[in-house]
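*Asks:* What follows is the residue order along each chain.
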Amino acid sequence: MVDARWLEPPEPMQRVLHALETRAGGQRLRLLIHREPYPLYDLLDARGIEWRRRALADGCYEVLIGGQVRGA
Amino acid sequence: MQAGGLAFQQAPPLAVPLRFFLTAPVFLFLAGLLLFTPGAAGWQRGSPAILAAVHLVTLGFLAMTMMGAFLQLLAVVAGAPAARPRLLAGLVHGPLAAGTLLLAAGFWLSRSWPFYPALALLAAAVATFVLAAAASLVRAARNATVLAMAAAIFALAVTLALGLALGATHIGWGGLRGFVATVDLHAAWGLLGWVFVLVAGVAYQVVPMFQLTPAYPRWLTRSLVPVLMTGLLALSWARRDGRAWPQGAAALVLAVCLLVFALATLDLQRRRRRRVSDVTLDYWRVGMVSLAAAGLLGLFGTAGAPGHRLPALLGILFLYGFAVSVASGMLYKILPFLAWFHLQSQLQAPAGSIPNMKAFLPEPRARRQFVVHVAALGLLLLSALLPGPWRYLAAAGVCASALLLAANLWGVWRLFRAQGGRSN
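Protein sequence lines correspond, in order, to chains A and B. Note that numbering that gives the first Met the number 0 has the first sequence beginning at 0, numbered continuously upward. Note that numbering that gives the first Met the number 0 has the second sequence beginning at 0, numbered continuously upward.
To be clear, the hints were calculated from the coordinates, so they are not data collected in a lab. Any given hint could be a false lead.
Claimed, not checked - Distance condition first, Cα-Cα at most 20 Å in a straight line; then the derived SDA-like pairs of lysine to any residue:
hint : chain 1 : residue 1 : chain 2 : residue 2
1    : B       : 357       : A       : 25
2    : B       : 357       : B       : 208
3    : B       : 357       : A       : 16
4    : B       : 357       : B       : 273
5    : B       : 357       : A       : 17
6    : B       : 357       : A       : 10
7    : B       : 357       : B       : 416
8    : B       : 357       : B       : 367
9    : B       : 357       : B       : 418
10   : B       : 357       : B       : 274
11   : B       : 357       : B       : 387
12   : B       : 357       : A       : 29
13   : B       : 357       : B       : 340
14   : B       : 357       : B       : 346
15   : B       : 357       : B       : 403
16   : B       : 357       : B       : 247
17   : B       : 357       : B       : 281
18   : B       : 357       : B       : 413
19   : B       : 357       : A       : 13
20   : B       : 357       : B       : 419
21   : B       : 357       : A       : 6
22   : B       : 357       : B       : 276
23   : B       : 357       : B       : 370
24   : B       : 357       : A       : 27
As the list claims (entries may be wrong) - If we take Cβ atoms under 10 Å as the criterion, some of the chain B residues that face chain A in the derived model are:
hint : residue
25   : 277
26   : 339
27   : 344
28   : 348
29   : 349
Said to hold, decoys possible - Cβ-Cβ distance ranges computed for the label pairs, FRET-style:
hint : chain 1 : residue 1 : chain 2 : residue 2 : range
30   : A       : 54        : B       : 244       : 27 to 37 Å
31   : A       : 46        : B       : 295       : 30 to 40 Å
32   : A       : 29        : B       : 276       : 22 to 32 Å
Owing to the predicted nature of the structure, the values given are computational and were not obtained by experimental measurement. Each residue gets a CB set at the ideal place from its N, CA and C atoms; glycine is no exception.
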């Protein structure tokens, strides 16, 4: 779980990349962020990592990364 | 491309914006040097040294950074990257740089010969840029930023056309009727239509994103640019025909647009989510306070307030206080971000193995340059109000600030290269 809400770019991306490297056994990652992280999608696509995102009621976004998710 | 956000798949190579960003401070430095010359005393806007300095700032620094950023924005905000960006950057950047130097030389030396190549080079550079940008924008997603970019491109084309007509008349080609009115309109379309509208459109994206503020209110993003462009068209019609009250009304609308945008931005920044010190934020604040002051002076001007110093104060506040501040602040955010992002993409680097974004441009260095810039702004304003040594101190401040800015930006590039980054 990475809570990157109201962090200045590119800190959310840095935190996600760090979490991806330190996660155990391809574990799925849950990212909370205050706006759509388009540049992150590009990096994930480039690395062949699947992701799925969902808009939350409060205007933030939840992005599920890795594991068995399909790109949305 | 997802409208309303930023996407990077189609971002041009770093070399495309980089060449614009790294050369821009040189022109600011040259403008500072010109302020030392006797011709700059008195701040007469028609004096050769002031005309040369103003064009070094507007074309050499502002258009240079804004065009570089525009090529980036076409890809990441509009989702419509320019075709063959390396070739386009080469066709625009070289002629723009050479044309600006020749134009400034022509003004400063009061000679005709530099104007011939200057006008040809600037026409080629700006027309190429306008056509390429327009061709991309036709394919772009529709949002408030993209509409502002399109309006800014239109204004840039008008500014170029008026500038070419003025330049041709200046060297004795053709007889332009209403020379003074055309000078005013050239400045209005360039400063308000091109510079201000593009800054506003970009602000809709970058102020909430990087300064973690709430979004701009919808009424503002929907109406500001259309109202301002209508004001510019009305001013053009009234000024050419010499109609007094419609001119005053149009100028009033334009001044109110500047004030509304500046105050709305300061209000958003006051309500930002994270209260951490940030040079870019401080640059924007200086920019918005200067813009509000310029708007207020503009209101006084339309009310018929006397004062021969008004044009100089307005010019300094708008150009150096607002436009140069905002462009400098954005360079400090854009260039380290792009360097970090391209390095990350190119090297597929594990976290922690490449410098983070802040390491590309250490805050104390940026802060030092910001302090010098603000001091230079204060000295410029003093020198427009008071005789004496202020002009020399202001000139030294502008030069020092430009050199520090150049050193900071080149430092980002050096670190990028040292880490194994490729700019092409």
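*Asks:* Indicate, hint by hint, whether the structure satisfies it.
*Replies:* Hints and how they fare:
no.: 1; hint: 357/B / 25/A; verdict: violated (30 Å)
no.: 2; hint: 357/B / 208/B; verdict: holds (16 Å)
no.: 3; hint: 357/B / 16/A; verdict: holds (17 Å)
no.: 4; hint: 357/B / 273/B; verdict: holds (17 Å)
no.: 5; hint: 357/B / 17/A; verdict: holds (17 Å)
no.: 6; hint: 357/B / 10/A; verdict: holds (10 Å)
no.: 7; hint: 357/B / 416/B; verdict: holds (16 Å)
no.: 8; hint: 357/B / 367/B; verdict: holds (15 Å)
no.: 9; hint: 357/B / 418/B; verdict: holds (15 Å)
no.: 10; hint: 357/B / 274/B; verdict: holds (17 Å)
no.: 11; hint: 357/B / 387/B; verdict: violated (41 Å)
no.: 12; hint: 357/B / 29/A; verdict: violated (26 Å)
no.: 13; hint: 357/B / 340/B; verdict: holds (12 Å)
no.: 14; hint: 357/B / 346/B; verdict: holds (18 Å)
no.: 15; hint: 357/B / 403/B; verdict: holds (17 Å)
no.: 16; hint: 357/B / 247/B; verdict: violated (47 Å)
no.: 17; hint: 357/B / 281/B; verdict: holds (16 Å)
no.: 18; hint: 357/B / 413/B; verdict: holds (15 Å)
no.: 19; hint: 357/B / 13/A; verdict: holds (12 Å)
no.: 20; hint: 357/B / 419/B; verdict: holds (18 Å)
no.: 21; hint: 357/B / 6/A; verdict: holds (14 Å)
no.: 22; hint: 357/B / 276/B; verdict: holds (13 Å)
no.: 23; hint: 357/B / 370/B; verdict: holds (19 Å)
no.: 24; hint: 357/B / 27/A; verdict: violated (29 Å)
no.: 25; hint: 277; verdict: holds (8 Å)
no.: 26; hint: 339; verdict: holds (6 Å)
no.: 27; hint: 344; verdict: holds (7 Å)
no.: 28; hint: 348; verdict: holds (9 Å)
no.: 29; hint: 349; verdict: holds (6 Å)
no.: 30; hint: 54/A / 244/B: 27 to 37 Å; verdict: violated (50 Å)
no.: 31; hint: 46/A / 295/B: 30 to 40 Å; verdict: violated (52 Å)
no.: 32; hint: 29/A / 276/B: 22 to 32 Å; verdict: holds (31 Å)
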